[in-house]
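Enquirer: So the sequence lines, in the order shown, correspond to chains A and B.
Residues 1 to 326 in our numbering are what the first sequence spells out, letter by letter.
Residues 1 to 263 in our numbering are what the second sequence spells out, letter by letter.
Source of the hints: derived by calculation from the structure; they are not laboratory data.
Treat the hints with caution; some may be incorrect.
Calculated from the model, a selection of chain B residues having no Cβ within reach of chain A, i.e. all distances over 10 Å [as the list claims (entries may be wrong)]:
{"#": "1", "residue": "Leu37"}
{"#": "2", "residue": "Phe171"}
{"#": "3", "residue": "Gln172"}
{"#": "4", "residue": "Asn173"}
{"#": "5", "residue": "Pro178"}
{"#": "6", "residue": "Leu190"}
{"#": "7", "residue": "Leu192"}
{"#": "8", "residue": "Tyr201"}
{"#": "9", "residue": "Ser224"}
{"#": "10", "residue": "Ala241"}
{"#": "11", "residue": "Phe245"}
{"#": "12", "residue": "Ala258"}
{"#": "13", "residue": "Gly261"}
Covered stretches of chain A, going by a simulated chain B footprint (3 or more residues, C-beta under 8 Å) [what the hints assert, rightly or not]:
{"#": "14", "segment": "145 to 151"}
{"#": "15", "segment": "188 to 199"}
{"#": "16", "segment": "246 to 260"}
{"#": "17", "segment": "274 to 286"}
Note that the Cβ used here is the ideal one computed from N, Cα and C, for glycine as well.
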Amino acid sequence: MNAIKVDDLHRTYTVRTGIIRRSVKHVVAVDGISFEVQPGELFGLLGPNGAGKTTTVKMLTTLLLPTSGTASVAGYDVVRQGQQVRQRIGFIFGGERGLYWRLNGYDNLRYFASLYHVEPDVARRRIPELLELVGLEDRADEKVEGYSRGMKQRLHVARTLLHDPEILFLDEPTIGLDPVGARQLRQVIRDMQQERKTILLTTHYMFEADALCDRIGVIDHGKIVALDTPEGLKRHVSDLSVIEVEVYGIPPETVDQIRNLPFVDTLAVEDRDQRQALRVQTPRGSEAVPDLMASLNGVRVGRVQVREPTLEDAYVRLVSGVDGSG
Amino acid sequence: MIRLRQLVRVALLSAEMGLRHAATDAFVIFAVFVQPLIIAVLGLFMLRERGGDYGMFVVVGSGLTGLWSSLLFVSGNAITTERWTGTLEVLVGMPTPLWVVVLGKNLAHVLQSLGSMVLAYVAASLLFGYPLTIAQPVPFLISLVFIVISFVCFGLLLSPLFIVNPDVQRFQNGLEYPIYILCGFLFPILLLPGWTNPVSYALSPYWAARALHAAAAGEATAASLALDWGLMLALGAAYIALSAFLFKRLLDKARRDATLGFQ
Numbered sequence: 001m002n003a004i005k006v007d008d009l010h011r012t013y014t015v016r017t018g019i020i021r022r023s024v025k026h027v028v029a030v031d032g033i034s035f036e037v038q039p040g041e042l043f044g045l046l047g048p049n050g051a052g053k054t055t056t057v058k059m060l061t062t063l064l065l066p067t068s069g070t071a072s073v074a075g076y077d078v079v080r081q082g083q084q085v086r087q088r089i090g091f092i093f094g095g096e097r098g099l100y101w102r103l104n105g106y107d108n109l110r111y112f113a114s115l116y117h118v119e120p121d122v123a124r125r126r127i128p129e130l131l132e133l134v135g136l137e138d139r140a141d142e143k144v145e146g147y148s149r150g151m152k153q154r155l156h157v158a159r160t161l162l163h164d165p166e167i168l169f170l171d172e173p174t175i176g177l178d179p180v181g182a183r184q185l186r187q188v189i190r191d192m193q194q195e196r197k198t199i200l201l202t203t204h205y206m207f208e209a210d211a212l213c214d215r216i217g218v219i220d221h222g223k224i225v226a227l228d229t230p231e232g233l234k235r236h237v238s239d240l241s242v243i244e245v246e247v248y249g250i251p252p253e254t255v256d257q258i259r260n261l262p263f264v265d266t267l268a269v270e271d272r273d274q275r276q277a278l279r280v281q282t283p284r285g286s287e288a289v290p291d292l293m294a295s296l297n298g299v300r301v302g303r304v305q306v307r308e309p310t311l312e313d314a315y316v317r318l319v320s321g322v323d324g325s326g
Numbered sequence: 001m002i003r004l005r006q007l008v009r010v011a012l013l014s015a016e017m018g019l020r021h022a023a024t025d026a027f028v029i030f031a032v033f034v035q036p037l038i039i040a041v042l043g044l045f046m047l048r049e050r051g052g053d054y055g056m057f058v059v060v061g062s063g064l065t066g067l068w069s070s071l072l073f074v075s076g077n078a079i080t081t082e083r084w085t086g087t088l089e090v091l092v093g094m095p096t097p098l099w100v101v102v103l104g105k106n107l108a109h110v111l112q113s114l115g116s117m118v119l120a121y122v123a124a125s126l127l128f129g130y131p132l133t134i135a136q137p138v139p140f141l142i143s144l145v146f147i148v149i150s151f152v153c154f155g156l157l158l159s160p161l162f163i164v165n166p167d168v169q170r171f172q173n174g175l176e177y178p179i180y181i182l183c184g185f186l187f188p189i190l191l192l193p194g195w196t197n198p199v200s201y202a203l204s205p206y207w208a209a210r211a212l213h214a215a216a217a218g219e220a221t222a223a224s225l226a227l228d229w230g231l232m233l234a235l236g237a238a239y240i241a242l243s244a245f246l247f248k249r250l251l252d253k254a255r256r257d258a259t260l261g262f263q
């Protein structure tokens, strides 16, 4: 049996604007996605902001009703058997909210344990274990309002493991964390993976998905545009090389000209303070560098590098719509 | 299947956490302790000029005002507060029904508010030298237990009502004094126009105030107490049934409209 099964799931939001002349707009957040997650698998949903990741997780955790389609978690339908689903899952939404800040960490866990119907003697044993797992054993008697963002996120992880759920939904758990906090949290996720928990992780950090996930579904504009292992996704760009060029103040029209060059497969531009990083994917490799330099029309150039494609490049290609297969 | 024992445990822990949480909230401290004290002092000043023994009436009445203010603002806003803190989604995604959590929080507020009655008692006794005696202490104490049940149920109705119908919430401040008056907290409803009486009868705090005032003054009879306690329980059951319907409607609507959390 699949731990999670999603079949042609849709979700549309209705947005109303105006006071006198009211208009109604329908925004499609999830547009017919289907996927399955096996027990013990760590499945990643990777996509840009607004792609539909959080909406998908909210439907699977019974917090949102689908507009159409079906989904089951641990064999239970998320609409008709919500109570059974809720008993078997744990979830985290990225960010600091969702805790009682004026209570201390231990009391937060004690309260949430009762809400998950964990017997008091089990909770008394389990809470210190979880506090140790997430590295908060020395701060458990302090009010949560004094915790750093990373500590709050780790408390969320402890909260979600209180009732030892079969399936975990982690929605951008490392968002906003400093590198050390994010690394600590990824280690906790690895530990949960070792315990054979089924985990659905959403993220827009490529390296995180690459490092943690068994399989990744790339979601964009509410659709799954690719679904494969991290290695399988990288093969989408195995025929390409990546030229990274650091430029200073490149005009938008020059970017458009480069994008239309015959040897350019995809082009991504990343702003870095005063500079921009152009990331060109091309089948011609380093041979394309002279033509690329010539097309920069005198724009000041910094470092130039030719390298093998990464998962991030595969992702850029997929969400740019160049490769819609999968 | 969730067992009753588990739900009772959650409600009690929710009450404990509610008390701990509220202990750090200045507004709750004001609504529960300061405001009823002000009302008690004003009432006692007015009644001292008038003569007669009204001390206990004011003590009970001002205590009930504290109870109602706390319920109206804290319980009424319970779901909104959970939404703002981001805990509503967490609570709704858990196996415990949301109404059990709110019920526990209401219990905390009601117990806390009973403290305001004690405060008014001390103020009347020490500041104004009123001889404060409860004429029928046993019926008075039993009435207090019924009042806790009755107000907890009344508060349970407020949270989903305020969410399902935001228009009611807009008049939240305006609801404070009409209930003081309609429920006879500070003066008998006999002084009100007759057409308002049916409204008073549908409100369990009215029967609570009636039982307490009568037991304090030594005017309670077995028949009057049976009527007051019976109606507190009956109305409490009706409020639970109505709130269960509203909670279900609220959560269905929130899941459909995506309004459980702020994005």
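Enquirer: Each hint should be assessed against the structure and marked as holding or not.
Expert: Comparing the hints with the structure gives:
Here B:Leu37 stays apart from chain A, with its beta-carbon at least about 25 Å from theirs, past the 10 Å limit. The beta carbon of B:Phe171 sits about 21 Å from the closest Cβ of chain A, which is more than 10 Å, so the claim that it is off the interface holds. At roughly 23 Å, the least C-beta separation between B:Gln172 and chain A is larger than 10 Å, which holds for a residue marked as non-interface. Residue placement check: B:Asn173 keeps its beta carbon more than 10 Å from all beta carbons of chain A (closest about 24 Å).
Against chain A, the non-interface label of B:Pro178 holds: every CB pair exceeds 10 Å, the least being about 30 Å. The claim that B:Leu190 is not at the interface with chain A holds, since no C-beta of that chain comes within 10 Å of its own (minimum 44 Å). Its beta-carbon lying about 39 Å from the closest one in chain A, B:Leu192 satisfies the requirement of being farther than 10 Å from that chain. The claim that B:Tyr201 lies off the interface holds: its Cβ sits roughly 37 Å from the closest Cβ of chain A, which is beyond the 10 Å cut-off.
Look at B:Ser224: its CB is around 40 Å from the nearest CB on chain A, clear of 10 Å, so calling it non-interface holds up. Annotated as non-interface, B:Ala241 keeps its C-beta farther than 10 Å from every C-beta of chain A; the closest such distance is 20 Å. Listed as outside the interface, B:Phe245 is consistent with that label: its C-beta sits roughly 18 Å from the nearest C-beta of chain A, beyond the 10 Å cut-off. Listed as a non-interface residue, B:Ala258 fails to keep its Cβ farther than 10 Å from every Cβ of chain A; the least gap is roughly 6 Å.
The beta carbon of B:Gly261 sits about 8 Å from the closest Cβ of chain A, which is not more than 10 Å, so the claim that it is off the interface is violated. Only when three residues or more bring their CB closer than 8 Å to a CB of chain B does the claim for the segment 145 to 151 of chain A stand; here the count is 0, and the claim is violated. Under the rule that three or more residues need a Cβ within less than 8 Å of chain B, the assignment of the segment 188 to 199 of chain A is violated, with 0 such residues. Taking a C-beta to C-beta cut-off of 8 Å, the segment 246 to 260 of chain A contributes 0 residues in contact with chain B, too few for the three needed, and the coverage statement is violated.
Using a Cβ-Cβ cut-off of 8 Å, 0 residues of the segment 274 to 286 of chain A lie near chain B, which falls short of the minimum of three, so the contact claim is violated.
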